[in-house]
Amino acid sequence: MRLSQLLIPTLREVPAEAEIPSHTLMLKAAMMRKLASGVYIYLPLGKRVLKKIEEIVREEMDRAGAQEVLMPAIIPAELLKESGRWDVFGPEMFKLKDRNDREFCLGPTHEEVFTDLVRNEVKSYRQLPLTIYQIQTKYRDERRPRFGVMRSREFIMKDAYSFDADWDGLDVSFDKMYDAYCRIFDRCGLKYTVVEADSGAMGGKDSKEFMVTSSVGEAVIAYCDSCGYAANEEKAECIVEHESDEEMKPLEKIHTPDVRTIDELVSYLDVKADKFVKTLIYKYKGKIAAVLVRGDREVNTVKLANLLKVNENDIDLAYEETVRSVTGANVGFAGPIGLKGDVLLIADAEVPMMKNIIVGANETDYHLKNANYGRDFKADVVSDIRKVVDGDKCPRCGNPLKLERGIEVGHIFKLGTKYSDALGANYIDENGNEKPMIMGCYGIGLNRIAAAAIEQNHDDKGIIWPMSIAPYHAIVVPVNVSNDAQRNLAEKIYDELSKAGIETLIDDRDLRAGVKFNDADLLGIPIRITVGKKASDNIVELKLRRDENSIELNYDEVVNKVKELIINSI
RNA sequence: CGGGGUGUAGCGCAGUUGGUAGCGCACGUGCUUUGGGAGCAUGGGGUCGGGGGUUCGAGUCCCUCCACCCCGACCA
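Numbering-wise (the working numbering), the first sequence opens with residue 1 and increments by one.
Hints are computed from structural coordinates only; laboratory data are not their basis.
In this text, all values refer to a predicted model and were calculated from it rather than measured experimentally.
Don't take every hint at face value.
[As the list claims (entries may be wrong)] In the DSS-like style, the derived pairs of lysine-lysine whose C-alpha atoms are separated by at most 30 Å in a straight line are:
id	residue 1	residue 2
1	499	533
2	461	191
3	272	340
4	387	402
5	533	563
6	435	418
7	123	418
8	369	287
Construct the entire structure; sequences and hints are all you get.
Written out as structure tokens, the structure reads:
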């Protein structure tokens with residue numbers, strides 16, 4: 001392709017709307033443009049990258065025995081009402097009506113549609129197992145689209161669903177997808193970690209997320225270098241510290257006028273935050289729970305939701321009036337001793353190990369000093385409900401955990417019979433009995449792979465594409481197109497590379513060398529062939545985007561050298 | 001949905017106490033130049049986010065709506 005003809009409006013200045021490197025570079029390198037918040041146009045270069053990723057995903061899914069189909073983006077409301085998710089998704093869905101007032105939505109995900117297909121077309125154990133997938137655009141009206149393509153409202157996803165006769169079969173299907181995912185992300189040149197994830201109170205197990213490590217990732221993952229344990233923040237656990245051997249001191253009421261938060265208490269009393277226990281009042285499904293965690297800890301609401309056996313969004317911090325009626329005090333003075341009414345008292349596993357702690361007194365402007373678990377108060381439930389922090393002990397081997405941020409590019413988990421039960425996706429087994437199919441669900445965000453690859457592969461000049469997903473393999477740059485020798489040799493090389501099946505660009509624009517070099521660096525094309533002053537001697541330069549230095553070679557060596565470079569890096 | 005911020009040329013921005021809208025880059029034309037974002041000359045491009053109001057006069061002041069960005073909440 002000729003740059004003189006390619007729609008490639010690179011930007012010289014950084015667009016004001018972009019905050020992270022991948023977003024900035026995708027705009028600057030003319031891969032995409034924004035149409036609305038979280039809605040993007042892909043230009044030729046961006047589209048090529050997506051196609052490359054798509055092709056890798058397709059090859060690996062096919063290799064793993066999955067079959068490609070294509071589902072409609074428009075889904076009738078009844079189907080989602082049948083599974084109950086019309087209400088679960090709620091405002092996250094783009095909803096629409098047809099001319100006869102029938103309700104539809106733009107598919108945010110396709111469990112129901114796949115299950116519907118299979119329940120109608122698959123009847124016998126002889127037809128199982130079956131894994132089908134599609135590569136298709138999903139629509140989610142995110143509350144807050146963010147960071148360009150990282151969290152957008154329209155995005156391309158590969159979603160696959162497996163149907164098995166039994167749980168052992170599901171394990172086999174699941175493992176195949178796991179392996180396929182590893183191959184996909186390896187081939188895309190990504191550094192990633194597979195972490196254990198929570199699949200919520202609504203069922204599903206063996207939930208695993210593929211996280212591309214990146215400082216701009218929205219997810220936090222905890223991992224252990226010693227034993228390989230890795231989990232996302234919601235799921236991550238740790239070993240509880242041993243019981244403190246301090247002597248118990250007598251309980252004492254202390255005056256703390258207008259001192260409410262842990263921060264304020266720390267400076268008012270000059271005591272470290274780890275000597276406090278804070279009491280948070282939560283409301284869930286009309287009931288009230290008081291949650292105790294150490295002053296410097298945070299409650300993990302996913303763990304709390306699982307403990308209470310409710311959905312995470314059924315839990316909320318209680319309003320002021322509820323707090324007042326439960327504690328008999330203003331907000332900021334809640335404590336475990338003397339709570340009124342029907343309150344479930346939950347203590348984080350760490351709390352019983354602490355001695356002589358400071359808690360709220362359930363009386364405005366007062367706290368209690370030297371409170372001790374067992375002597376002064378007891379919880380209804382003691383459980384791990386806090387977020388892990390850097391340095392906590394690994395639940396498997398006891399070595400310190402590390403925290404890192406990650407971009408979730410893939411998620412696989414075992415659904416079981418959630419949708420087959422809801423929609424009646426049954427089969428007849430060898431004995432003539434009707435049984436629900438056992439399902440698995442496997443997703444990959446294709447646009448996110450592109451963005452994640454840029455996050456992991458860029459410098460201050462631009463993108464540095466891995467060969468496998470680069471929009472083009474090579475770019476030929478004649479330094480001066482008005483020089484006949486340079487132009488002719490560049491054209492000859494471009495021709496030969498193209499004929500050899502190498503995806504090649506030629507920068508035939510009548511621009512200064514600096515502009516062309518800067519664009520080539522910005523676009524991130526892996527191999528650059530510069531045709532300059534030595535063109536008359538048939539000598540050209542070859543430079544890799546990821547390296548500083550270039551080498552000179554005779555023009556007739558170019559095709560073989562480039563071929564070799566591509567083969568060695570895919 | 002709460003908090004903060006921004007909307008002026010394709011992009012990045014300036015615009016004073018209210019007085020007929022500018023700069024850089026980009027774009028068109030001509031000449032010179034040509035190995036890391038050229039120089040000179042010349043030209044085109046604006047409902048100043050929309051609507052309403054105050055005023056002789058509004059990019060500027062007031063009201064209102066909208067869009068976009070950031071933080072938080074939320075995210076099968």
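Numbered hints the structure breaks, given as an ascending list: Result: no hint breaks.
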